[in-house]
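Novice: Chains as they are written, first to last, in the working numbering: chain A, 20 to 213; chain B, 20 to 213.
A portion of the hints provided could be inaccurate.
You can't tell identical chains apart in this list, so a pair holds if it fits in one copy or across any two.
[Claimed, not checked] With a straight-line cut-off of 27 Å between C-alpha atoms, the simulated DSS-like cross-links for lysine-lysine are:
hint: 1; residue 1: K122; residue 2: K100
hint: 2; residue 1: K40; residue 2: K59
hint: 3; residue 1: K122; residue 2: K59
hint: 4; residue 1: K122; residue 2: K21
hint: 5; residue 1: K122; residue 2: K153
hint: 6; residue 1: K131; residue 2: K40
hint: 7; residue 1: K100; residue 2: K21
hint: 8; residue 1: K100; residue 2: K40
hint: 9; residue 1: K21; residue 2: K131
hint: 10; residue 1: K100; residue 2: K153
If you're looking for bench data, these hints aren't it; they were derived computationally from the structure.
Protein chains: 2
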Amino acid sequence: MKELEERIISEGRVLPGNVLKVDSFLNHQVDQRLLTNIGKEFARLFADEGITKILTIEASGIAVAAFTSMAMDVPFVFAKKTGSLNLEGDLLTSSVMSYTYQKEYAIAVEAKFLSPADRVLIVDDFLANGMALKALLAIIRQSGAETAGIGICIEKAYQHGGDEIRRLGYHLESLAVIEAMSEEGITFRPRPEK
Amino acid sequence: MKELEERIISEGRVLPGNVLKVDSFLNHQVDQRLLTNIGKEFARLFADEGITKILTIEASGIAVAAFTSMAMDVPFVFAKKTGSLNLEGDLLTSSVMSYTYQKEYAIAVEAKFLSPADRVLIVDDFLANGMALKALLAIIRQSGAETAGIGICIEKAYQHGGDEIRRLGYHLESLAVIEAMSEEGITFRPRPEK
């Protein structure tokens with residue numbers, strides 16, 4: 020998505036430790052016009068998948084899910100990190116090893132919000148090594164629902180989570196795929212024509 | 020807001036400890052149609068306030084902020100709970116005593132996202148004793164921006180945070196105000212005509 024790549028180039032900052040800061044428009048301050056277009060782009064890319072529900076993980080995935088749910092007119096659910104939790108009843112749970120914080124945490128979704136009849140679109144702001152995404156896939160598997168698509172704003176291809184997920188056969192669409200990144204610049208994977 | 024009150028009546032559940040569960044439409048699963056209407060209602064109620072930015076706190080405030088930012092066509096910022104944090108540079112910080120979890124936590128906003136020229140609308144899903152809201156007000160004060168409005172989905176009037184904030188002179192609008200609540204039922208404060 021050209022508009023997103025341009026924003027990454029103009030406002031993103033590369034920090035030591037492979038950190039890309041996009042907090043002026045995506046995950047701290049959120050640009051409602053860009054996100055509206057991101058939501059519409061996911062709606063277009065997954066229009067044929069019969070999506071009935073969107074799933075993401077708190078916190079920064081929620082904004083992406085909100086704009087996508089509006090564009091697709093389907094509800095969304097956000098997995099909660101346990102500990103910041105106020106859940107009850109039957110839970111679907113999984114765990115995530117966080118690259119950023121170097122620790123493991125549990126996530127959960129109340130079972131009643133995903134059913135075997137659902138065709139789920141996972142969305143998130145970033146995909147790097149894919150740990151959070153795999154935990155969401157595990158939760159969907161537990162529910163009996165089908166993962167019908169995965170929509171990512173920014174994929175860090177050099178951390179290989181995305182290509183691993185593609186090899187498993189999932190319909191994964193990343194709006195900007197970073198092949199390489201340093202303080203000198205950012206190289207994107209060429210955008211497919213779709 | 021009649022639509023929100025009706026959803027609370029039909030789907031909300033009152034649990035021991037004054038907990039109101041509205042996780043089927045507001046803060047775990049999110050109903051995009053209800054939230055679209057909530058965003059539009061806040062846009063209508065604060066139309067004369069010259070809002071330039073929306074502020075909320077992760078995680079469940081993000082959905083409310085996203086739909087409101089769309090309706091008002093202004094960006095939003097979500098305060099981060101430190102510890103779940105990836106911040107840098109000058110920070111505006113405050114602390115919140117959580118009623119639900121009985122512990123104190125710090126929140127932060129990068130200073131560059133709030134300026135003295137901003138007229139800020141705070142939004143959140145719940146207002147009870149007002150601890151989270153006061154922390155957001157402190158952050159706005161530090162920035163030099165003006166708090167031009169506060170939009171809350173569900174206010175628990177019997178925990179008094181809302182009326183305390185009103186006495187301080189803030190323009191606070193709550194879409195559903197619960198006067199009393201038990202497993203037998205929920206009593207709302209009569210809705211003003213606006």
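Novice: So, for every hint listed, does it hold in this structure?
Specialist: Hints and how they fare:
no., hint, verdict
1, K122 - K100, "both (13 Å within a copy, 17 Å between copies)"
2, K40 - K59, "within (23 Å within a copy, 31 Å between copies)"
3, K122 - K59, "neither (34 Å within a copy, 40 Å between copies)"
4, K122 - K21, "neither (34 Å within a copy, 44 Å between copies)"
5, K122 - K153, "within (16 Å within a copy, 31 Å between copies)"
6, K131 - K40, "between (35 Å within a copy, 14 Å between copies)"
7, K100 - K21, "neither (32 Å within a copy, 32 Å between copies)"
8, K100 - K40, "both (22 Å within a copy, 17 Å between copies)"
9, K21 - K131, "between (38 Å within a copy, 26 Å between copies)"
10, K100 - K153, "both (15 Å within a copy, 24 Å between copies)"
Against the hints set out earlier in the document, violations occur for numbers 3, 4, 7.
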